[in-house]
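Peer 1: Sequence:
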Amino acid sequence: MKIRNRHTFHRPLLLGLLGATCMAPALAHAAINPYFFGYARSGIGSTAGGGAQTCFQAAGAPAKYRLGNECETYAEIGLGAQVYQQQDTTFDFRSRVAYVTSQSNDDESLQDDGNNIALREMFVTGKNVIDGLPGATLWAGKRFYRRHDIHMNDFYYWDVSGPGVGIEDIDVGTGKLSLAWTRASGSTDDRFPDAGERLSGDTVDVRWSEIPVNPGGSLELGVDYGEANLSDWQEDLLESQDIDPDDADKGWLGTIQHTQANWFGGYNKLALQYGTDGILTPNNSVGRVSNLESRDGHMWRVLDHGHIWLVPNQLDMLYAVIYEDKNFNDNTGREWYSAGVRPVYYWTDIMSTALELGYDYIKPQSAASNGGNNHVTKVTLAQQWSAGRGALVRPTIRLFATYADWSGNAYNVDGAPGDTDYDRGSENIAVGNGPSNVDFDDGDGVTFGAQIEVWFGD
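Going letter by letter, the sequence shown gives residues -30 to -1, 1 to 428 in mature numbering (1 follows the signal peptide of the UniProt record, and there is no 0).
In short, the hints are calculated from the structure, not lab data. Misleading hints may appear alongside valid ones.
What the hints assert, rightly or not - Restricting the straight-line Cα-Cα distance to at most 27 Å, the calculated cross-link-like pairs of lysine-lysine (DSS-like) are:
| hint | residue 1 | residue 2 |
| --- | --- | --- |
| 1 | Lys220 | Lys333 |
| 2 | Lys146 | Lys97 |
| 3 | Lys333 | Lys239 |
| 4 | Lys112 | Lys146 |
| 5 | Lys146 | Lys239 |
| 6 | Lys112 | Lys97 |
| 7 | Lys112 | Lys220 |
Claimed, not checked - Ranges of calculated distance between the beta carbons of each label pair, as one might list FRET restraints:
| hint | residue 1 | residue 2 | range |
| --- | --- | --- | --- |
| 8 | Ala1 | Ala231 | 27 to 37 Å |
| 9 | Phe114 | Pro4 | 16 to 26 Å |
| 10 | Arg359 | Val99 | 36 to 46 Å |
| 11 | Ala231 | Asp82 | 41 to 51 Å |
| 12 | Gln52 | Leu189 | 25 to 35 Å |
| 13 | Gln353 | Trp151 | 43 to 53 Å |
| 14 | Arg364 | Asp82 | 27 to 37 Å |
| 15 | Gly143 | Tyr44 | 33 to 43 Å |
| 16 | Leu242 | Glu180 | 13 to 23 Å |
| 17 | Ala231 | Thr59 | 24 to 34 Å |
Since this is a predicted model, take the numbers as computed values, not measurements. The beta carbon of each residue, even a glycine, is placed where N, CA and C say it ideally should be.
Given these sequences and hints, build the entire structure.
Peer 2: The following block contains the structure:
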């Protein structure tokens, strides 16, 4: 009687199992549908009297009204995919790379001064992955985190983006709770022996959102606490210089925001913010600690912005009003008043005419150290061709002309930029492509050009 070898007997079964195992990753990836998303703007412009396009911004202001007033090519290119789904549980991946160039040539190296490439997002979310928290999303990685901005002047007034970890949209009965820990590393301090030795700034963000308060209206409440996260050797270095490490930057920011939907066919957002000490910087950012020693001070900010239809399907408008008061013990603070409107009239489903009027006024905390008050008034007329009606519909191709008026001379100078007589600190406007495009004693300027703007995907 011939007995078969047991290994021979199971060989077909083993081969089948091996084949299925090898095919499993391929079958899983076959179900993944990557998606592409992004944003871009680019164009060409000139300044009346010669030179490349000048962009007008009040010196000391954290933002400028942007229609017909952007001098760079900027793009964000993103790739994402849902990589897992089983019933209500999903895992998603997102990435985003940003590019900026000075818009001066066809071949612009991203290694040149003023040009840049940056990794902005790389993170994974897992929804319904925690038992007992249905609907909540766990995430980790580098991401844009629940940012709030004003589109007209690209002002991000609540933004703690960066590498981090968190859980969001926890159902608490009334509204949703989100918790996050994010980080921004950098330093404006010269005490470190090597520029690469960075100071880490950590921010803990707590938000309670989607709180219903009136028909179509909801509240979002948030508290951010940030402080410098020093290593042992950094603390030792400070102590050797008679600096108490406990004096490193720290502070908090509180935000109350009301969002009204169905507001004359659009929306309205009203926000009140109060911040203290190290979570603030002289510009607009919060949650990005950048100094070894504490910056004592506080900030009040109130703003209102939105989009409404003045004539249904014919005339709409973006608008914004901002007041901000930053007061620091080193007298680097300032008051900022800003207001702008952008009505758009639609001739057809494709063609429209936009008019943007923006005003910024800066009152430095110390005139002696900051050169006194200054303001910029800017108006732009643009003829546009877009993929539909609506101030936020893109893509758009536009032709524009911009006029700006400011207080005093553009800047004080006896020589040229780069000369020892050039006084950059005394300028009343901050310009995009260099102050040589307007004369030092100019009090106004005109630019013209064309621009495209597009965003797509989610």
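Peer 1: Checking each numbered hint in turn, tell me which of them this model violates, lowest number first.
Peer 2: none
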